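Protein sequences appear in the order of chains U, B and A.
Just so it is clear: in the first sequence, position 73 is 73 by the numbering used here, and no numbers are missing.
Just so it is clear: in the second sequence, position 204 is 538 by the numbering used here, and no numbers are missing.
Just so it is clear: in the third sequence, position 34 is 697 by the numbering used here, and no numbers are missing.
It cannot be assumed that every hint is accurate.
Facing chain U, according to a computed beta carbon distance under 10 angstroms, are these residues of chain B, among others [stated by the list, open to error]:
#1 Asn-359
#2 Met-412
#3 Arg-415
#4 Ile-428
#5 Pro-432
#6 Ser-452
#7 Gly-549
#8 Ala-552
#9 Phe-576
#10 Ala-626
Source of the hints: derived by calculation from the structure; they are not laboratory data.
Since the model is a prediction, treat every value here as computed from it, not as a measurement.
Beta carbons: idealized from backbone N, C-alpha and C, even for Gly.
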Amino acid sequence: MLQFLFKRLLTFVPTFIGVTIISFAFIRLLPGDPILLLAGERGVAPERYAELAAQFGFDQPIWRQYLDYLGGIFQGDLGISFTTKRPVLDEFFTLFPATLELSLCAITLAVIIGIPAGVIAAVNRGKFFDQALMTTALTGYSMPIFWWALLLIIVFSSGLGWTPVSGRMSLMYFFDTPTGFMLIDSLLSGQEGAFRSAVAHLILPTVVLATIPLAVIARQTRSAMLEVLGEDYVRTARAKGLSPLRVNGLHALRNAMIPVVTVIGLSVGTLLAGAILTETIFSWPGIGKWMVDSIFRRDYQVVQGGLLLIATIVMAVNLLVDVLYGMINPKIRK
Amino acid sequence: MALLEIRNLSVDFKTAGGKFRAVDNVDVAVDKGDLMAIVGESGSGKSVSMLAVMGLLPWTATVTADVMRFDGQDLLKMPARKRRQIIGRDISMIFQEPMSSLNPCFTVGFQIKEALKSHLGLDRKQRHARAIELLEQVGIPAPEKRLSAFPHQLSGGMSQRMMIAMALACKPKLLIADEPTTALDVTIQAQILELLTDLQKNTGMALILITHDMGVVAETVDRVAVQYAGRRVEEQNVVDLFDDPHHPYTAALLAALPERAHNRLLPTIKGVVPGQFDKIDGCVFAPRCQFADARCRAVPPKPAGKELGDALCHYPLIKGQPQNKEMSA
Amino acid sequence: MTDRTAELEPPAIPAQPKPPGPLKEFWNSFKENRGAVIGLCIFAAFLFIAIFAPWIAPYDASEQFRDALLQPPAWQEGGSWQFPLGTDPLGRDMLSRLLHGARFSFFIGIIVVSLSLVTGVVIGVIAGFSPKWADTLIMRVMDIILSFPSLLLALVLVAILGPSLINAMIAIAVVLQPHFVRLTRAAVMSERARDYVTAAKVAGAGRFRIMFLTVLPNCLAPIIVQAALSFSTAVLDAAALGFLGMGAQPPTPEWGTMLAEAREFLLRAWWVVTLPGVCILVTVLAINLMGDGLRDALDPKLKRS
């Protein structure tokens, strides 16, 4: 197991280097002069130009620039946002909890509904429930989620008035956010109704963001279960006279989970891609919206830093999934 | 009263090519402490009939029977929940592939103790003690350590011992062993068979051994039922069967045993078991039978009666000679 | 089993029907799947509309009717059969725009899939046949691309290249192509060890010939399935980029772009928001249904979702 972990960590290093090269290359690949781009619309005086070039190291050879960039990364220096003048890393950590909260809620919803749905569909293979469920799952999988979000807003926010349209918290409440998670902070604040407001703001974005992972998990669980249900050990479990719940939900599902866990891990990338759309539509102040806004504001230091951080998160989660995979698969565990 | 009594059992499978009858009007009767074998080629429906008793057939199968009774209880009319209380406690079964029959994700200890918990309601300590006792019973060294092993850490023979321990957990009245040694090395085969017969003697349970190997039958069981193409063609006690088989198929099977061959060339039965698309009007064995005539090909035979081992044949053999042949001529 | 019985007995029917060819066999198992057939029908209709849109559509996609702004569909109060699905905020006929939109989506799908398929397969085959270091290098690069969320990478690429439909398509192709590389490489690796490849080598076939004419045709099944699924991803991602303002630019009647333009009329005019989305959903769903059917028919072992 340790050896497996070590090997896996070794592949992490070159991939990470590659990601830094890509995010480094990003600003240099932009058409036009990087300093003029960074300075924005107003333009700069020649002396200021030279100053900026020296500040960003653009007067150095390219390999030198890269090494400086890499050195900066290891010291936590990802540049400074042009719009807010704050370090990119600081901005990231202020906004990341919002995305994390939303993503965690979405993936929890997807797992809680997707796995049982897949199991039930597999056990009732070919029957009405299976067909209905799989049609729904494929529809969810094919859903343009930005449109789905608009539909839900039409129905639940403007039609029924049940949920707010945007943001994380009603303006009526104001409190400190020590954890950055609205659900927790609103409870800590002790203000009446704050928690309810947080939940109400979360519901629609969560549903939207969970849609595709939910469909993928349900489909994957079903096909993994179908494979496992034909195995000899499931027959053994039934031969013991165990209840269908125990046979399907424990003996079969435990084995079917091995590929499903991989899929759940892989949906983190999907989730972050989905967060870009979801956060933009619901004005959710997370890193997805931050990235889109920065692209439009041409705040390229932020785009560069965000790209690197998001890719690093995806890689870290993939690493975690591999470790988890080793833990639930006894053949690797040893 | 018989422990397990089955009359006119038929099993049909829905397949892409239509209905396929895997078991056709089979009778089985097993008494307490019986030691019998069901013998047949692959595809003869011998496993399917026993899986039907256990209720382990896939949903594509339809089971019909006049009587299917275990220990005085009607298995056919019983609700599923009640039936699950019998399966795994009073009747248990072990399978052909021990390696894949154990769940790779759980320790063998968990898998053995599971049945103890659900059927007998033993507490944790009792379960542990019983599991160790069981492993000792099936001859596994260092049982304490083995309980926490995962299936992939065990050899084939060891896995089959685990399966047997699991099957014995609730002291069943009937154990069905479906080709328990086919997937194992030859040296291990003998050990497992000996273990099964010893356990049968010591515990007094009934044992049904499903096999295709006449050699195994001779050394192990008391009584033999021979199945062919989903039908039971003959049933006798083992000594009489080997001495004087009444059905031509049994006779041909026995003649094919290496120990009994007199010629340099081993005799074989020509042809194969009829498949789903072979339509046969008369006796199912007629296409391969050396004694078959026009009547055999046209009219399905009826069982010949107790003294002739219920041989499903128009002209049952006595001492290798077909009887009643002249009548039809 | 049946073969052997046939040897023993004289065959009942002298002229046995020929076994079905591979195409026929594929079609037989494909049409078993009801969903796949429905998907195929919808896709055929979509294709028809994409080709003939200018002739079917009642109006030009950018023709504005200033006296009929935001007119509801015909069956609603205030609607008329002049504009069966209503008009958008600039008075353009929704139906015509949606029909023309099918053209763009189909165009996007075809171009993106061809681009990513060709580059992906070529790189995949090369990786499968290269020495270990080159293979590792190629796969690492693919890993790097895959560690960016697809939409984010596409967005950034468009930011570099400048927002337009063509650039959006290039960006999506770049993002989709690693999947083809991985798939092709895995298939090539498992085929390469087969006896027929050795036989071709012994017969003196050149390296290039073995790579693309001997091995590749036997790896096609999973690649075809991936191509179908990529088509739907391409349509979806292009619409998403259009929605974010980074894909096709107005007044292009691309479905995602139409949605973005209609966003502010969300509450006033349901049809301008709902209809383009329905078009995207139905198209993507049909392609995915077809992809599922293809997968089951071509390779029953490929039961991934």
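Structure-based check of each hint:
{"no.": "1", "hint": "Asn-359", "result": "violated (25 angstroms)"}
{"no.": "2", "hint": "Met-412", "result": "violated (12 angstroms)"}
{"no.": "3", "hint": "Arg-415", "result": "holds (8 angstroms)"}
{"no.": "4", "hint": "Ile-428", "result": "holds (9 angstroms)"}
{"no.": "5", "hint": "Pro-432", "result": "holds (9 angstroms)"}
{"no.": "6", "hint": "Ser-452", "result": "holds (6 angstroms)"}
{"no.": "7", "hint": "Gly-549", "result": "violated (25 angstroms)"}
{"no.": "8", "hint": "Ala-552", "result": "violated (28 angstroms)"}
{"no.": "9", "hint": "Phe-576", "result": "violated (32 angstroms)"}
{"no.": "10", "hint": "Ala-626", "result": "violated (38 angstroms)"}
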